[in-house]
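Peer 1: Given next are the chains, with one letter for each unit.
Protein chains: 2
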Amino acid sequence: MNIRILAVGSELLTPFFQDTDSFYLTRRLNDLGLDVAEKGVVGDEFENLISAIRRSLECADLVFITGGLGPTDDDRTREAVSSVLGRPLELHEDIVRAIEARFLRRGKIMPALNRKQADVIRGAVVLANAEGTAPGQWVEAEGKIIVLLPGPPVELQSICETQVWPRLAAGKKGYLARKTLKTSGLTESEIEELIGGLYPRDPGRRLTVLASPGQIELHVSAFSSASESEALEKAEALALELRRRLGPAVYSDDGADLETAVGRLLAARNETVAVAESCTGGLVSRRLTRVPGSSAYFLEGFVTYSNKAKTTRLGVPAETIESFGAVSPETADAMARGVRRAAVADYGLAVTGIAGPSGGTAAKPVGLVYCAIADAAGVRVERNLFLGDRSRVQDQAAQKVLDMLRRTVEEKAVQ
Amino acid sequence: MNIRILAVGSELLTPFFQDTDSFYLTRRLNDLGLDVAEKGVVGDEFENLISAIRRSLECADLVFITGGLGPTDDDRTREAVSSVLGRPLELHEDIVRAIEARFLRRGKIMPALNRKQADVIRGAVVLANAEGTAPGQWVEAEGKIIVLLPGPPVELQSICETQVWPRLAAGKKGYLARKTLKTSGLTESEIEELIGGLYPRDPGRRLTVLASPGQIELHVSAFSSASESEALEKAEALALELRRRLGPAVYSDDGADLETAVGRLLAARNETVAVAESCTGGLVSRRLTRVPGSSAYFLEGFVTYSNKAKTTRLGVPAETIESFGAVSPETADAMARGVRRAAVADYGLAVTGIAGPSGGTAAKPVGLVYCAIADAAGVRVERNLFLGDRSRVQDQAAQKVLDMLRRTVEEKAVQ
Chain A
1 MNIRILAVGS
11 ELLTPFFQDT
21 DSFYLTRRLN
31 DLGLDVAEKG
41 VVGDEFENLI
51 SAIRRSLECA
61 DLVFITGGLG
71 PTDDDRTREA
81 VSSVLGRPLE
91 LHEDIVRAIE
101 ARFLRRGKIM
111 PALNRKQADV
121 IRGAVVLANA
131 EGTAPGQWVE
141 AEGKIIVLLP
151 GPPVELQSIC
161 ETQVWPRLAA
171 GKKGYLARKT
181 LKTSGLTESE
191 IEELIGGLYP
201 RDPGRRLTVL
211 ASPGQIELHV
221 SAFSSASESE
231 ALEKAEALAL
241 ELRRRLGPAV
251 YSDDGADLET
261 AVGRLLAARN
271 ETVAVAESCT
281 GGLVSRRLTR
291 VPGSSAYFLE
301 GFVTYSNKAK
311 TTRLGVPAET
321 IESFGAVSPE
331 TADAMARGVR
341 RAAVADYGLA
351 VTGIAGPSGG
361 TAAKPVGLVY
371 CAIADAAGVR
381 VERNLFLGDR
391 SRVQDQAAQK
401 VLDMLRRTVE
411 EKAVQ
Chain B
1 MNIRILAVGS
11 ELLTPFFQDT
21 DSFYLTRRLN
31 DLGLDVAEKG
41 VVGDEFENLI
51 SAIRRSLECA
61 DLVFITGGLG
71 PTDDDRTREA
81 VSSVLGRPLE
91 LHEDIVRAIE
101 ARFLRRGKIM
111 PALNRKQADV
121 IRGAVVLANA
131 EGTAPGQWVE
141 AEGKIIVLLP
151 GPPVELQSIC
161 ETQVWPRLAA
171 GKKGYLARKT
181 LKTSGLTESE
191 IEELIGGLYP
201 RDPGRRLTVL
211 ASPGQIELHV
221 SAFSSASESE
231 ALEKAEALAL
241 ELRRRLGPAV
251 YSDDGADLET
261 AVGRLLAARN
271 ETVAVAESCT
281 GGLVSRRLTR
291 VPGSSAYFLE
301 GFVTYSNKAK
311 TTRLGVPAET
321 IESFGAVSPE
331 TADAMARGVR
341 RAAVADYGLA
351 VTGIAGPSGG
361 TAAKPVGLVY
371 CAIADAAGVR
381 VERNLFLGDR
391 SRVQDQAAQK
401 VLDMLRRTVE
411 EKAVQ
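Sequence order for the protein chains is A and B.
According to our numbering, the residues represented by the first sequence are 1 to 415, in order.
According to our numbering, the residues represented by the second sequence are 1 to 415, in order.
No lab work stands behind these hints: they were computed from the structure.
One or more hints might be untrue.
Chain copies aren't distinguished; within one or between two, either way the pair holds.
[As the list claims (entries may be wrong)] Result set (DSBU-like, lysine-lysine): computed pairs, CA atoms no more than 35 Å apart in a straight line:
(1) K308 / K144
(2) K364 / K173
(3) K173 / K412
(4) K173 / K108
(5) K144 / K108
(6) K116 / K412
(7) K308 / K173
(8) K308 / K116
(9) K116 / K364
(10) K364 / K108
(11) K412 / K108
(12) K144 / K364
(13) K144 / K412
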């Protein structure tokens with residue numbers, strides 16, 4: 001079944017508003033094992049609206065049209081669908097009375113404008129709106145289904161839950177299961193090489209790779225017309241093989257982000273961490289403490305921006321900074337040891353680097369970042385050269401040092 | 001000019017990801033006086049992609065296609081456009097070399113997969129990508145313009161700023177001016193009451209109020225077919241009146257965020273700040289240090305999650321914590337004084353509270369946060385009760401303490 005969603009409203013074509021109804025519709029359609037093939041946004045201009053509806057109907061079996069059912073002049077979805085289908089609008093007096101009653105309950109008289117909300121496309125099933133004035137409409141024509149829904153999320157969702165999903169579920173054809181693997185430490189192409197050949201060829205399974213700086217997600221979905229458990233089994237079989245190929249790069253398979261995965265590892269082992277940051281300016285501490293319950297393992301963080309702070313708070317020898325510079329493996333090493341000692345933590349993390357835009361030199365360019373982890377066994381320092389602007393360098397550096405912590409704790413866990 | 005945006009990517013048809021590139025494109029097109037007629041999202045399946053591109057080209061003069069330019073099997077935008085236009089793809093060896101060089105800079109060898117990113121539609125202008133591997137493409141065909149852009153926002157935006165907008169600006173028809181006022185400390189309804197009656201009635205001007213937790217933005221736009229200066233004048237006249245009504249709640253009128261506005265104030269006065277955080281876990285330091293050049297005024301940050309850290313690092317008397325609790329005006333006061341003294345800063349900021357989800361009591365519920373600022377004149381502590389989950393409480397607390405700093409420095413500046 002080819003499903004499309006068309007959101008109507010000129011405000012949705014400005015930079016300030018987004019169509020959120022389609023997220024709800026997609027999620028609930030997925031629950032029924034149905035995928036959305038395409039979605040779109042069109043403004044209120046009548047010709048554009050007509051053209052968009054016509055083009056959606058060309059390819060789709062089921063089209064949701066959201067918005068444009070209000071009482072004002074620029075609400076013309078009813079008219080447009082009526083014109084595209086060549087079916088007249090008919091005024092339903094019982095809807096007029098329901099809208100009047102709704103106004104009366106708030107002590108108001110229905111404005112004449114609202115009468116047009118009672119216009120129904122000939123042959124449509126009226127979908128009653130308990131939360132607002134404009135009812136939805138379910139139209140079947142030329143073997144296709146067109147569902148008109150009001151834009152306000154509360155109204156749209158209430159109509160869908162009571163009248164749309166039950167209708168669709170009656171004719172439902174399958175189940176969809178999803179699995180998400182999150183990885184860090186590999187580039188998109190390294191991942192592609194490792195998983196090459198695993199892209200499913202059968203139409204019932206799908207694998208999508210999604211890259212963002214320092215983190216790549218693999219989304220697996222599987223469809224079964226037979227049962228939910230079959231769909232889940234198919235998704236899990238693929239996820240398992242992906243995990244095997246990607247090894248320790250995978251840090252979660254249940255949607256957890258890196259700081260949550262790290263937190264679980266530390267909490268399970270009853271271990272603690274403290275953080276010393278220079279160029280990431282608190283981002284590492286901030287990410288660790290975003291996680292509910294992080295006070296169980298996060299002891300303390302230092303944002304030692306100045307050299308003096310590095311010396312005073314972390315005990316980095318002034319000579320180390322003088323001889324090697326604040327951005328050096330030696331300083332990173334001393335920061336990691338220092339913060340571990342100062343906070344009496346199991347792990348000490350340190351980041352020092354040049355986030356830019358200024359401060360870079362030929363020998364130490366913008367993007368050069370040393371990440372270090374200290375534990376009872378000693379210190380490991382890694383040199384990184386991150387690309388991008390200040391915020392991208394900071395993001396990648398934080399991701400990197402959290403991943404060093406994650407891998408260190410994981411390795412211990414398997415020993 | 002009929003403009004369409006088509007975002008490509010199956011992940012954008014799930015409930016988990018949204019197309020944000022179209023917001024950026026819309027905003028920058030609006031800056032050129034151009035409106036977007038329609039936008040859409042289509043998945044990676046080749047037939048759907050072809051069909052969506054074909055339908056976009058039917059009605060549009062200018063189509064932006066974002067995403068699907070990566071190196072993997074499911075990145076097929078180049079192929080699809082080539083097929084719709086009936087123009088072959090040609091491998092550009094110079095692009096291959098540029099991608100190889102990019103990998104080499106990170107000490108890596110380009111995987112063979114990435115070669116396909118050098119495929120160019122015959123006759124297209126290559127739009128160089130300084131931030132990633134896939135270049136954009138500008139194709140003119142059948143009197144229409146098709147612009148292919150990589151999906152990652154950093155890459156897309158860098159290509160647009162350097163190569164797309166300059167090309168489009170050459171043929172532009174009108175002028176749009178924007179002004180954004182950012183405020184903090186007032187609720188949306190307080191703002192609505194203060195600015196009531198200022199909503200412009202003429203079609204050439206627009207005022208939009210955009211609320212997010214702890215911060216409300218007012219977007220003013222004005223259009224002129226005559227000149228840029230007329231558009232700017234119309235926008236500025238409205239912005240000026242809004243500023244007058246909103247007073248010190250406005251912290252920027254040029255798009256600067258709160259940490260940038262605060263940074264400018266501190267830098268101008270040659271003053272410094274240090275931060276002690278408990279429940280915000282580094283967020284305040286992180287926000288201050290996001291700003292390029294923040295090392296001029298940001299001295300140091302402490303994430304004193306544990307009581308011991310509050311005592312050891314900031315000199316908060318153990319009796320204060322014992323008598324009043326870690327979340328108390330007394331502790332906030334001592335933290336602000338302590339961090340100011342320890343870092344020898346002009347301003348000391350402190351945040352202590354209960355971000356949740358656990359840790360709340362009847363007397364000290366989740367959302368209770370004390371924010372404090374210490375300067376030469378003394379300490380001011382404010383009690384807040386923020387609504388929302390952990391991350392909303394943290395966000396609002398950081399916003400609040402940064403706003404206290406902003407107002408304190410501003411008040412001094414006018415004295």
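Peer 1: If a hint holds in the structure, say so; if it does not, say that too.
Peer 2: Results for each hint:
Proximity of K308 and K144 under a CA criterion of 35 Å is satisfied in neither setting, with 67 Å inside one chain copy and 60 Å between copies. Taking the shortest alpha-carbon separations for K364 and K173, neither the intra-copy value of 59 Å nor the inter-copy value of 47 Å comes in at or below 35 Å. In this assembly of identical chains, the alpha carbons of K173 and K412 never lie at most 35 Å apart, being 46 Å within a copy and 65 Å across copies at closest. Taking the closest pair of Cα atoms, K173 and K108 never come within 35 Å of each other, the shortest separation being 46 Å inside a single copy and 46 Å across copies.
Taking identical chains as interchangeable, the C-alpha atoms of K144 and K108 are never at most 35 Å apart, the minima being 39 Å within one chain and 52 Å between chains. Taking the closest pair of Cα atoms, K116 and K412 never come within 35 Å of each other, the shortest separation being 59 Å inside a single copy and 41 Å across copies. In this assembly of identical chains, the alpha carbons of K308 and K173 never lie at most 35 Å apart, being 64 Å within a copy and 56 Å across copies at closest. Taking the shortest alpha-carbon separations for K308 and K116, neither the intra-copy value of 57 Å nor the inter-copy value of 50 Å comes in at or below 35 Å.
In the homo-oligomer, the alpha carbons of K116 and K364 lie at most 35 Å apart only across protomers (33 Å), although the nearest pairing inside one protomer, at 59 Å, exceeds that limit. For a Cα distance limit of 35 Å, the shortest separation of K364 from K108 across copies, 19 Å, qualifies, whereas the shortest one inside one copy, 54 Å, does not. When the C-alpha separation of K412 and K108 is checked against a cutoff of 35 Å, the pair qualifies only between copies, where the shortest distance is 29 Å, while the shortest distance within a copy is 53 Å. For the homomeric pair K144 and K364, neither the shortest alpha-carbon distance inside one copy (63 Å) nor that between copies (47 Å) is at most 35 Å.
With identical chains, the CA atoms of K144 and K412 are never at most 35 Å apart, being 57 Å at best within one copy and 60 Å at best between copies.
Going through the hint list in order, the structure does not satisfy hints 1, 2, 3, 4, 5, 6, 7, 8, 12, 13.
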